[in-house]
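Colleague: Start counting the sequence shown at 1; every next residue gets the next number (full-length UniProt numbering).
Each hint can be trusted.
Subject to a maximum C-alpha distance of 27 Å in a straight line, what follows is the list of computed BS3-like cross-link-like pairs (lysine-lysine):
(1) K331 <-> K249
(2) K249 <-> K340
(3) K249 <-> K191
Now the in silico label distances, taken between C-beta atoms and shown as ranges:
(4) G253 <-> T387: 50 to 58 Å
(5) L330 <-> M102: 51 to 59 Å
(6) L373 <-> G156: 49 to 57 Å
(7) P326 <-> A95: 54 to 62 Å
(8) P211 <-> G253: 21 to 29 Å
(9) L330 <-> D234: 39 to 47 Å
These are computed hints drawn from the structure, not numbers from a lab.
By construction, the Cβ of each residue, glycine as well, lies at the ideal position given by its N, Cα and C atoms.
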Amino acid sequence: MIRLLHTADWHLGATLQGWSRDAEHRDALAQLVAIARERAVDAVIVAGDVFDSLNPSADAQRLLYDTLRDLRVACPHARIALVAGNHDPAARLEAPRALFEMADVVSIGAFARRDGAFDARAHLSPIRDASGKIGAHLLALPYPRAVDLPVTSGGGAASAVREAYREAVESARREIGAAPLIVTGHLHVAKGLESEGSERRILVGGEHALPSDVFSPDIAYVALGHLHRPQSIDRETIRYSGSLIPMSKTEIGYAHGVSIVDVDASGAVVVQHAPIIRPVRHLRAPASGALSVTELEAALAALDLDASAPIDAWPFAHLAIRVDGPAVGLKAELDAICEKFPLRVVSTSVERPQAPAAAPTPLRLAERKPMDLFREAFEQAHGVAPTDNHFDCFERLLQEA
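Input sequences plus hints: build the corresponding full structure.
Modeller: Quick look at the structure:
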């Protein structure tokens with residue numbers, strides 16, 4: 001049996017309304033390294049969006065290299081693999097390949113081709129247990145950019161991605177036979193639950209999501225990145241590990257963490273979620289509903305925040321404010337209240353009471369058609385609609401009147 005740690009969507013270098021997330025990331029990644037050590041994993045797979053931007057800062061890059069070093073010390077024999085996501089600079093992830101290989105780290109930024117065909121050997125690597133025995137093989141595939149996709153006769157981007165995965169898996173099978181195969185993907189798979197405001201719709205060609213049957217049933221486990229909520233799609237073995245920390249207010253309720261995946265020699269898989277303790281609190285004030293401005297200060301005081309905490313440890317606050325009238329000067333009022341507390345306000349939603357629905361203007365009797373009045377009266381009296389015979393009788397009475 002081999003054991004994998006599947007993670008994704010680190011987004012190193014990300015900010016939240018201008019506030020750095022570096023301290024959170026460093027804490028969360030230290031927890032990830034500790035989990036890898038405690039669970040004695042045989043591989044660590046990072047399924048894309050290592051960085052938050054195509055031009056990551058020096059601090060973000062340094063944190064990646066520090067984490068790779070710590071993982072190698074914690075898990076000396078483990079396969080460590082990074083693949084590029086849609087946020088990542090693919091060439092920059094591949095540039096230090098010679099140095100990565102010295103540390104037995106695989107980094108894949110783009111689909112490799114040789115003589116026009118997919119080059120499986122550039123993407124395949126064995127996963128060994130502590131004794132050195134190969135227990136599975138990893139097919140590390142990054143986010144499929146338009147240039148990576150084969151030309152197909154029709155069907156658009158989804159068809160091209162399906163063909164790319166078919167070709168890649170078939171090429172891998174020619175190399176490894178029927179051995180357990182682990183495949184990565186940085187994709188939006190249909191039925192996956194999105195995080196509003198966090199994840200870009202990324203499939204090239206204007207399409208949105210791929211069906212899960214892109215991944216052939218002989219794949220033991222599909223390690224997905226892109227969606228930030230931990231979840232499996234259609235079967236337990238097609239899984240998003242989710243992000244390490246909340247990347248927006250829509251992710252406050254997620255159980256962030258990593259996936260621990262056990263794969264036996266037959267390809268049978270058992271998946272567990274290993275939680276990451278949130279380094280910084282994310283608060284919604286109030287927990288549900290909305291507060292008036294006059295209620296806000298008391299609500300924040302009730303949170304009993306630690307005024308001695310360093311600013312990097314201050315909670316992120318998401319406010320929901322109820323406004324009944326004009327909102328002139330609202331921001332200044334909120335700023336004056338919130339600056340009394342050790343917190344960082346990163347979002348404010350303003351809720352207004354819904355205006356009562358306008359009562360329908362009653363129609364005068366002269367504006368109603370006699371036949372409509374007859375139908376309504378008949379249905380009210382008998383509980384059924386009148387038949388054609390009833391309408392004929394009523395029509396004759398109208399003519400006699």
